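J.: Chain order of the listed sequences is Y and H. According to the numbering used here, the first sequence holds residues 1 to 355 in order. According to the numbering used here, the second sequence holds residues 356 to 580 in order.
Since the hints were made in silico from the structure, they are not lab data. Quantities reported herein were computed from a predicted structural model and do not represent experimental measurements. Don't take each hint at face value.
[Said to hold, decoys possible] Pairs of lysine-lysine residues, derived as DSS-like cross-links and limited to a Cα-Cα distance of at most 25 Å, are as follows: (1) K288(Y) with K241(Y); (2) K513(H) with K239(Y); (3) K247(Y) with K453(H); (4) K572(H) with K44(Y); (5) K203(Y) with K158(Y); (6) K239(Y) with K44(Y); (7) K85(Y) with K413(H); (8) K158(Y) with K127(Y); (9) K241(Y) with K466(H); (10) K244(Y) with K361(H); (11) K506(H) with K246(Y); (12) K453(H) with K361(H); (13) K158(Y) with K247(Y); (14) K83(Y) with K127(Y); (15) K241(Y) with K413(H); (16) K35(Y) with K83(Y); (17) K312(Y) with K241(Y); (18) K513(H) with K241(Y).
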Amino acid sequence: MASSVSWSVVAVTVILLTEQVLAGRDFYNILGVSKSATTNQIKKAYRKLAKELHPDKNRDDPEAAERFQDLGAAYEVLSDQEKRKVYDRHGEEGLSKGDMGGDPFSSFFGDFGFGFGMKEQEQEVPKGGDVIMDLDVTLEELYSGNFVEVVRYKPVAKPAKGTRKCNCRMEMVTQQLGPGRFQMMQQQVCDECPNVRFVPEEKLLEIEIESGMRDGQEYPFVAEGEPHIDGEPGDLRFKIKQTKHKKFERRGDDLYTNVTISLMDALAGFEMDIKHLDGHKVHIVRDKITWPGARMRKSNEGMPNYENNNVKGSLYITFDIDFPKGTLTEEVRADLKKLLNMESKHTVYNGLQGF
Amino acid sequence: MAAFVKELLTWGASLLFFCGFIKHVLSREMDYEFVTCGSTMKLLNTYSSVRLHSHDVKYGSGSGQQSVTGVDSSDDHNSYWQIRGKTGATCMRGSPVKCGQTIRLMHLSTKRNLHSHHFQSPLSHNLEVSAFGEEGEGDEGDNWVIVCSTKHWSRRDKIRIKNVVTEHYLHVSGDSYGRPIHGQREVSGYPTPSEMNYWIVNEGIFIKPANDPNTGKLMHDHDEL
């Protein structure tokens, strides 16, 4: 009697557990994002966790590989709008098997510090040419971060029939001409290698423009440069190049901007908003008189620091006054004299030498 | 009779092969087929099968500027050219180049622009095509119009490239150089369109248009609105 009850308990537990496993994984939980996260937020979360959970970095964790696979699957589904819709409605079962299974170890995102796993190179392996190109980036993208997809179409070495000559080098060879007579000469000596042919292939790469990245910073993709028949392909490197911005100038982590105000604002005070790079408003209130060239500093309104995005530089605002043009009537002049109640002053000095 | 049949068969076989080749080129799956600003690529001359190339070797005649040639090899990193807006204008990264648009082609490794002017080319006596400027800035002779009949420049299509100043087409005449650039072909400016001035985009790094990080909308050049 007791054994049949315990057996049914075991059976039910097994069924429930199996159902849990079959019901699928919670991808939002795996990535640590809310259900309403934007695609950019999902990409950022994936990249951060991919660095932490990479099996090479967690060698003593037996479940590391599985967790990394789960992470890859979560990213693959949630970063694709169509797949995400299906997942939100029907869970993991809703997705056909063919939708997932991308290689989580591929260099889709480039080599952001995946140094582990590369073997030490004892001999010099010939390398193909590096391709270094500028990537125009807006100040908005450097403030908020962005992802840029790029198609790489390049020749890839594929095995072909037969052999070819490889590792050709000049060697000194000694020939015996007669008894006691030798001759040394240079000869080209080659090895025999399996034959290769180059087939052009297309591949998608993604560059992450991280908040706070600096002008000239490079974003590498190892082995995506030019191939080399006898060795390794060279690298592809993108060089961040910030385009000029209409409103803001960047110096280090600080931002500079200029505001022209009317003479009225300058004398009577004013209130205004400056729209920042991500759309948020910087509110400015000025009670006192503002003179031409007056500078205001708004801390934490500069660029985020690349190493620590929570630290921001300052925003420096320099004011200039839009003086009214033309001439004022005698009546207005008289009124102004009364209003301003100032003495006439004429100070002569050498302005170019700091007097 | 037998000879006729044989010839017919050979003709038929080559026709089938040709169709298969065309089908392969046309149906090649591309994730994104348009050529955009900021993209870097190799340009293949369809008639001579050489790639547009430059290097730190100056012409011995004409302008004495850096030479531009056509090479056979497909894996030379000196055959890459980057698409940039015309002189004085910006072109938003990732925006597809329209047929009829004026652009500049910057030689990636030397940062000099594909350029033409009224100097004679050394072998064919057409117009000289050189690589000119510093850090990607030269002059009006750096501007070229992409001549094609569709709306945008596609990686699948043959196009012609016409210089704005000389109004000549980027051309490969077939003449080759001797030392020190033995075997490389002459690239020149030719006055009229021909089979020898068709080019097609080949290997490269093609930047897709990205979304604005704040609005989520596609970032594009303002004149498209």
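J.: Give a verdict on every hint.
T.: Each hint tested on the structure:
1. At most 25 Å may separate the alpha-carbon atoms for a hinted pair to count; K288(Y) and K241(Y) exceed this at roughly 40 Å.
2. Only pairs whose Cα atoms come within 25 Å are accepted, and K513(H) paired with K239(Y) is rejected, the gap being roughly 30 Å.
3. Between K247(Y) and K453(H), the direct Cα distance comes to roughly 29 Å. Violation of the 25 Å bound is thereby established for this hinted pair.
4. A hinted pair counts as satisfied when its Cα atoms are at most 25 Å apart, and K572(H) with K44(Y) qualifies at roughly 18 Å.
5. With a CA separation close to 16 Å, the supplied pair K203(Y) and K158(Y) stays within the 25 Å bound.
6. The straight-line distance between the Cα atoms of K239(Y) and K44(Y) is roughly 20 Å, inside the 25 Å bound, and the hint therefore holds.
7. Straight-line distance between C-alpha atoms of K85(Y) and K413(H) comes to about 58 Å, which puts the hinted pair past the 25 Å bound.
8. Proximity of K158(Y) to K127(Y) is assessed by CA-CA distance (about 17 Å); at most 25 Å being required, the pair is judged to hold.
9. With a CA separation close to 14 Å, the supplied pair K241(Y) and K466(H) stays within the 25 Å bound.
10. Among the hinted pairs, K244(Y) with K361(H) is inconsistent with the structure: their alpha-carbon atoms are about 67 Å apart, more than 25 Å.
11. Simply put, K506(H) and K246(Y) have alpha-carbon atoms about 30 Å apart, too far for the 25 Å limit, and the pair is violated.
12. This hinted pair does not check out: K453(H) and K361(H) have alpha carbons roughly 47 Å apart, beyond 25 Å.
13. Simply put, K158(Y) and K247(Y) have alpha-carbon atoms about 51 Å apart, too far for the 25 Å limit, and the pair is violated.
14. For the given pair, K83(Y) sits about 39 Å from K127(Y) by alpha-carbon distance, which is inconsistent with the 25 Å threshold.
15. For the given pair, K241(Y) sits about 29 Å from K413(H) by alpha-carbon distance, which is inconsistent with the 25 Å threshold.
16. Restraint check for K35(Y) and K83(Y): the C-alpha separation of about 14 Å stays at or below 25 Å, so the hint holds.
17. Between K312(Y) and K241(Y) the alpha-carbon distance is near 21 Å, which keeps this suggested pair within the 25 Å criterion.
18. For a cut-off of 25 Å, the pair hint linking K513(H) to K241(Y) is broken: about 31 Å separates their Cα positions.
Violated hints, listed in ascending order, are 1, 2, 3, 7, 10, 11, 12, 13, 14, 15 and 18; each of the other numbered hints is respected by the structure.
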